[in-house]
Amino acid sequence: MSDKSESSGVNTPLSASDLGSGFSTRGIFSEAMAPTQPPPAQTQQRTQRPQRPILQQQQQQKQQQQQQQQRTATIDISKQGAHINRFSISGVSRIRSGFLSDLLQPVFDSKTIKEVVDETREAAGKLRALGIAKAVVVEMDKSNEKEDALDVHFHCKDGSRYIIKTGVDVGDSEGMASVTGRINNIWGGGESFEANYSRGSKTQAAFQGTLSAPLDADPRKRLEATANQAILANRPYSSHDELRRALGMAYRQETLGGMHELSYSLSWRDICNLGAHASPSMRLEAGHSLKSSIGYTFSCDNRDSATVPSSGSYARVGSEFAGIGGDVQFGKAHFELQSNQSLGRGYVLSTSMHGGLLWGAKTSIADRFFLGGNTSVRGFEHRGIGPRDGEDSIGGDVFYAAGISLLTPLPYVKTDALKGHLWANAGQCALLDSRGLGKIAARPSGGINSEVLRFLTSPSASVGVGLVYRHSLVRVELSCCLPIVATTADRPKPGMNFGLGFQFL
1 MSDKSESSGV
11 NTPLSASDLG
21 SGFSTRGIFS
31 EAMAPTQPPP
41 AQTQQRTQRP
51 QRPILQQQQQ
61 QKQQQQQQQQ
71 RTATIDISKQ
81 GAHINRFSIS
91 GVSRIRSGFL
101 SDLLQPVFDS
111 KTIKEVVDET
121 REAAGKLRAL
131 GIAKAVVVEM
141 DKSNEKEDAL
151 DVHFHCKDGS
161 RYIIKTGVDV
171 GDSEGMASVT
181 GRINNIWGGG
191 ESFEANYSRG
201 SKTQAAFQGT
211 LSAPLDADPR
221 KRLEATANQA
231 ILANRPYSSH
241 DELRRALGMA
251 YRQETLGGMH
261 ELSYSLSWRD
271 ICNLGAHASP
281 SMRLEAGHSL
291 KSSIGYTFSC
301 DNRDSATVPS
311 SGSYARVGSE
321 FAGIGGDVQF
331 GKAHFELQSN
341 QSLGRGYVLS
351 TSMHGGLLWG
361 AKTSIADRFF
371 LGGNTSVRGF
381 EHRGIGPRDG
391 EDSIGGDVFY
401 AAGISLLTPL
411 PYVKTDALKG
421 HLWANAGQCA
431 LLDSRGLGKI
441 AARPSGGINS
451 EVLRFLTSPS
461 ASVGVGLVYR
471 HSLVRVELSC
481 CLPIVATTAD
491 RPKPGMNFGL
501 GFQFL
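Heads up: the sequence shown at position 235 corresponds to 235 in this note's numbering, and the numbers run straight through without jumps.
Warning: the hint list may mix true and false statements.
Said to hold, decoys possible - The list that follows gives simulated cross-link-like pairs (lysine-lysine, DSS-like), each with its CA atoms no further than 25 Å apart:
| hint | residue 1 | residue 2 |
| --- | --- | --- |
| 1 | Lys-79 | Lys-146 |
| 2 | Lys-165 | Lys-134 |
| 3 | Lys-414 | Lys-202 |
| 4 | Lys-111 | Lys-146 |
| 5 | Lys-79 | Lys-114 |
| 6 | Lys-134 | Lys-157 |
| 7 | Lys-111 | Lys-79 |
| 8 | Lys-165 | Lys-202 |
| 9 | Lys-157 | Lys-221 |
| 10 | Lys-221 | Lys-134 |
| 11 | Lys-165 | Lys-114 |
As the list claims (entries may be wrong) - Distance windows between CB atoms, simulated:
| hint | residue 1 | residue 2 | range |
| --- | --- | --- | --- |
| 12 | Ala-195 | Pro-280 | 36 to 42 Å |
| 13 | Asp-327 | Arg-435 | 17 to 23 Å |
| 14 | Tyr-412 | Gly-326 | 57 to 63 Å |
| 15 | Ala-227 | Lys-79 | 52 to 58 Å |
| 16 | Arg-86 | Ile-324 | 47 to 53 Å |
| 17 | Gln-65 | Cys-300 | 48 to 54 Å |
| 18 | Thr-408 | Ile-294 | 43 to 49 Å |
No lab work stands behind these hints, which were simulated from the structure alone.
Each residue gets a CB set at the ideal place from its N, CA and C atoms; glycine is no exception.
Work the whole structure out from these sequences, hints included.
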């Protein structure tokens, strides 16, 4: 596609490091950047003059170079017309014509050189983001067939088709070992299928398969279909195991403001394997339920680190509505907020707040909220805050939690990965029925329900001091915890506690 014999072309490399793609142009700016030739008469007069001193000649050459640079700098490629005449691609083993048409439509719609350059970089970046190509070098030449037309060629390094990986995942006070297999670019349009199997300390076994496909050849818009099964071991806290099997569909779109997700899920749950000392409440929860629900989630994350941030904020809000079929009906909403502020000299102040509400005629333990643990309200056992029946945590319909922490530099420690940690946490969790906030009627004077007032003004709380280590994958905490407020139903856990996970209060 390149015109190798054109001697007047100017090779101008343009950086595309943000996409990992090379970019070059040939012969596009040669006419606009060509130096202005002096009139023949002036040239003839100049040759007839006697030779000037060397210093004066050097000054004249310098002035000519400055004038040439000024002429070059004034070229405005955003106004110089151009369009794509021909496109070709090499190096990829599988790419669908319909997908390529959607990918290149903005490129062919470009009207100026700047638009062409920007859109070809964008297209190259999408090929990499979808795993179709590991690297893309874009070559752009002036077309020999049409005036103001360009020929574009993508030199690609083929992407990996199959990926198998093993790993260790942590979160919510649980460690899990997993193996994942992935097939990329199944039908030549950036589709992928991923299968994951994992086992952990609380999840006895879990399997999930996900088929994902981009829409409009855009990796920021994806449609996903999932199938999963998990066995959750809740006997240490709630005298039961839970078997879940689910099918789902989700649409995800990433925008400048954040990530949007709209989903549908059909989930069969079985509360089973009750312990010998299971409470009456747990025995009433035992059995099968079928949930059919739609949900929406929005998240925005501009933190400089997901585990131990020093600046930025994070927000996540979601809602779920069940009752479109199935035998459970409820509405559910939840939110997470976090703000991080650098105070200078290695000090970082972080604040966070979580909350949620579940409402319906009769809620299930499979859908309720739980509070307490090393990644939740520190200084309490896992699921150690909220409603209980005997030794069983039965969860709540409404909860809130807040935390504030100060990360400090440590003396004689040169790395920023290890910091001191001062923190305070508080939170509360309750049911909305007669076992919780609904058991006392409103005051005759019309004042707020006394249980609601206590729920809002008397949270369980703890303070502590410790160390935080920022690993490349997870956050590691070692804290000395002191619960300072607890109810008779709570399970405080004072002393040294160890936490490992991604998200902490």
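Tell me, in ascending order, the numbers of any earlier hints that this structure violates.
Hints 3 and 11 are the ones this structure does not satisfy, whereas the remaining hints hold.
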